[in-house]
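J.: Chains A and B, in that order, give the protein sequences. Residues 100 to 580 in the numbering used here are what the first sequence lists, from first letter to last. Residues 190 to 579 in the numbering used here are what the second sequence lists, from first letter to last.
Honestly, the hints are just simulated from the structure, not real lab data. We put the beta carbon where it would ideally sit given N, CA and C, even for glycine. One or more of the hints may lead you astray.
[What the hints assert, rightly or not] Under 10 Å between C-beta atoms, here's a sample of chain B residues computed to sit facing chain A:
1) S308
2) P325
3) S328
4) A334
5) T335
[Claimed, not checked] Chain A regions said to be covered by chain B (calculated; three or more residues, Cβ under 8 Å):
6) 440-447
7) 469-479
8) 501-511
9) 525-538
10) 550-560
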Amino acid sequence: MAGIIAHGAYVPRFRLGPDTAGWTASTERAAANFDEDSVTMAVAAGLDCLGSRDRNAIDGLIFASTTVPYAEKQGAAIIAAALDLRQDIFTADVTDVLRAGTTALRSALDSVVAGAARQVLVVVADSRQGAPRSDTERNAGDGAAAFLLGRDDVVAEFTGFHTITENMLDNWRSSGDSFVRSWEDRFATEEGIERIVPEAVEGFLQKYGLNLQDVDRVALYGPDARRHGRLARSMGLDSQQVQDPLFGSLGNTGAAFPLMLLVSALESANADELLLAISYGDGSDVLAFRTNSLVNRARPGAGGLHGHLKSRSAIASYETFAKWREVWLTDDAARRPAPSSPSVSALWRESNKNLRLYAGKCNACGYVQYPPQRVCVNCQAMDESSTVRLSDKAGEVFTYSMDYIAGAVDTPLVVSVVDFDGGGRIICMMTDRELDEVQVGMAVTMSFRKLRVVNGIHNYYWKAIPRRFGDSAAKQVGGER
Amino acid sequence: MNGIKDRVAIIGMGCTKFGERWEASAADLMVEAAYEAYADAGIEPGDVQAAWLGTVSSFRTGQPLAEALKLDYIPITRVENACATATDAFRNAAYAVAAGIYDIVLAVGVEKLKDSGFSGLAVPEAPGSDVTPPTPPPSQFAMAATRYFHQYGIPYEEGKRTLAQIAAKNHHNGTLNSRAHFQQEIGVDQVINAPMIAWPLGLFDCCGVSDGAAAAIITTPEIARSFRRDYVLVKALALSVGAFGAIRSDWDFTHFPETVRASQSAYQEAGIFSPREELDMAMVHDCFTITELIIYEDLGLSPRGGASQDVADGSFTLEGELPVNTDGGLKCFGHPIGASGIRMIYEVYKQLQGKADARQLGKADLGLTHNLGGRPGSFTCSVAIFGAAE
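Assemble the whole structure, with the sequences as input and the hints as a guide.
T.: As C-alpha cells, then:
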C-alpha cells in the first residue's frame, strides 16, 4: 500500500512578531533569513525528512512552490544535487498555484501506486512576498515540508483523493511582479475558498462513502486565521478535527501550508487516524491518509515541524526584514566593487564539491580533505581519492572571525573554520547565529543557502549554522533515525 | 648550492612618500623612486641593463616601467607574488646579477591602490564559482587572532592590549619618518577602542592602504666598491610557498609554516644560528597586529606562545633588544602591496648606512626583511637578510 514513509519540515529561525520594532501585527510569523529561499528551505525540510535513510532508494523528486527562483531552470535539479540524490531519477517542479504542494504529493503517490517509482521525495516550500505592511505580508509565513513516499514501511497509507479544478482569479502574481495581488476580500472568500473547498470535501466524502465524522483530523489551508476559522465552521468541522493552523506562530506558508499542517498532525497522530490534507488554489485537492501502528516511528526526536517552531529568534526590527526582502535598498558596503557573474562552467565543474558538498578521502592514507584534491595533501598520492559527503556531518568551530565591513546585510559576517566528525575542514560563512553564541568549539551543522544572485544566477552553497537539534543531528550522523 | 650570500650588493635605493597620493599616477611613483635610486647610486639611466617590475594590480606587464623611465629597449620582467611581490622582483634581479648575466640591474615595486574608490583592498579575481566566503584580509587574519587567544588562554581584553602595543610601537616609529603614510602617534587605549573591522581586529590593528613605490640598484660587490664604500650586501634571499592551505585539519592557525620555512632557509644561507642575538633589526609583514605577533614566533625571535611577553617587555621597540619595523611598518608607513618589500629593504639599507635620521639604531650591521602574501593557510613568504659592507 502506498503512503508516507517519513516526513520532515523546516521553519526558518527568524520571526516577525511583538518583539520586532516596527512590526504592526500583534501575532508572530516565520520569516526566511536573507540567504534563504524556497529551494534552500526545501533542502532543509528534505534533510529533516531523510535523516540517515538510504538516499539511493529514491527514484524521484518533486519540488512544489509558488516562489521558485528561476522562471526557466528547474529547482528540483538543484535540490536533488544538494540532497545528494542519484542522477538517474525523475524530477519535476510543480508551481504557479497555492495547490502545488498537494498536486506534487498526489503526483508522487500516483507514480508509486503505478509502480513507476519505489520511493519519491516531495519537497514543498514557499516564501511569498506581500507589499510592505500589506495583509499578505502580515499573514504570510515562510516554511517547508517534505515527504518520503513509497510502498514499503509506510506509516500513513494513502487512502483516497478528490480534486476540483476551477479557474479563479482571487490571488495572482504575474511574472515580473514582486508582490501577490488579490481581488476584493468578500468576493474571493464567498465565491472562492468558502464555496470551492466544501465542494471538494463533499465530493471526497461521497466518493468513498464517508461522513465528516469519520475524519479524525484536517490539515486545512486558509489564507488567515479569521477565514480559516470561518471555513472550518462553515463545513461543520468540530474543533477537535481541525489541526491547529499555527496562525500566530508560523503564518500562511502558501503551497507548503496544508502539508506543513499534515506534518504537524503526523507528529502527534495515533495509529488508525484518518487525516485529510486540503489545499486551495484554482480549485482544491483533498488527500486522505490513514495512520498505522508505525506512525510513531517516523516522528522526529527533535527538529520536525514543532522542533523548528520552538527554535526561534525575533528579528529586531522591520527594517532588517525589509532589507532581507530587498524592499529597503541599502548603499552597497563602502563602494565595494560590484561582484561579477559566477562562471557557469566553474559552477558546473564544481557541482559535486559545491552542491553535494563532497570531500575527498585518500585511499592511500585515509586523510579527508575539502575541497577534494587530485594530489593528497597528506601523502601526495595522485588520483587516489574516494568521496565523503560532508553536508550531514556534525561539525565544530575551530576558529572564526566577525567581519563588520563585509556588507550591509547580516553584519557582522561570521566566517568560520569548521572541522567535521570523521575528518575534513571547511572555511564557510555562518548564518542563523546569535553573536553571543559564536565561539571556538561550538557545535554546528551545515545548511544549504543562497549566497547571492548575480547575472540572474542563484548561487547556492553550504553555510554553518549553530546546532540547534542535538538529538536530531546525532541521529543523522549515527544513522539511528 | 652556492647561495646568494655576499654575491650581490645594493648601491642605490629610492622610496617615495607612501600614502594617499591623489596627485600621482603609478608611473609618477615609479619615476620618483627610480630617480632617487639613480642619484643615490650615482648611475645614469642608461647604465641599467635589465629591470624587474613588481606590482600586484597596477600593471600587467613590465612595459609601463619602460614607458615611465624611457628605458632603452632593455629586458623587463613583471613579477607578481602577492605581498611578497617586491621582494621577489628584487630576488629575481639579484639572481640575474649573481648568475653573471648583467652587471647593473633595477628592481622597482609599485602600487597605486587609491584610485579604486573603495577604502579597503580591491583586487580583481579570475572568474570562478564564487562560493568561497568573502574574506578580505582583516577577516582572514582575525581567524588567526581568535585561535591564538584561544590556544594560549589569553582573555580578549589582554589580547587586544598586546596587539594594541604593537600598533602603537609602529606608529611611534612612523612619526620619526617623513615618508610614512601616517604621521601621528596612537595610544594603546585608542587602538583597543577603535571601531571593529573584523573581530577581534579593530581599525588600528590594520595596516594602511596606500600608494607608493620603491626601487633598488643591484650590482656585484666588485662593481659596488667602485661606486661607494657603504654599499649593502645581500646575505640571503628565501621564498617559501605554502601548498597545504587550510585544507589540513591539523593546522593550528597560530603559526605560519611558510615563515618558519623561509626564515630557516634564510638563516642557513646567511650563516645565522641565533637570529634574536645576531640580527640588529627586522622589518616584518605587519599587515595586522596579530600577524606581527605571530611572526615574532615564526622567525624564532620569541618562543612559541611567548611573543606577548616580549611585547610587554618592549623587546621590539626602537630602544629594545631587537627593533622591529623601525620605519613604521606596513601599519604606519603604509602598504602599497607591490612596493612594500623593497620599502623594507630601503629601511634596512638606510639603517646599515647610518642614514636613518631620528630612528637610527646604535648598532645596525645585519637586518632582515619579511613579507607574507596570501592568506593564513596558504602564504607566499619571502625572507631576505642584508649586511653592511665589510
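J.: Now look at each hint and say whether the structure bears it out.
T.: Structure-based check of all given hints:
This hint holds: S308/B has a C-beta 6 Å from the nearest C-beta of chain A, less than the 10 Å allowed. At a threshold of 10 Å, the smallest CB-CB gap from P325/B to chain A is about 7 Å, leaving the interface hint in force. Interface restraint check: S328/B against chain A, minimum CB-CB distance 4 Å, threshold 10 Å, status holds. For A334/B, the interface hint holds, since its Cβ comes within 10 Å of a Cβ in chain A; the closest pair sits about 8 Å apart.
Interface restraint check for T335/B: the shortest CB-CB distance to chain A comes to about 5 Å, inside 10 Å, so the restraint holds. Check result for the segment 440-447 of chain A against chain B: holds, 5 residues qualifying (beta carbon to beta carbon below 8 Å, three or more required). Residue count for the segment 469-479 of chain A with a Cβ under 8 Å from a Cβ of chain B: 5. That meets the three needed, and the coverage hint holds. Judged by the Cβ-Cβ criterion of 8 Å, the segment 501-511 of chain A is covered by chain B as claimed, because 7 of its residues qualify and three suffice.
Residues of the segment 525-538 of chain A with a Cβ under 8 Å from some Cβ of chain B number 3, which satisfies the need for three, so the listed coverage holds. Using a Cβ-Cβ cut-off of 8 Å, 5 residues of the segment 550-560 of chain A lie near chain B, which meets the minimum of three, so the contact claim holds.
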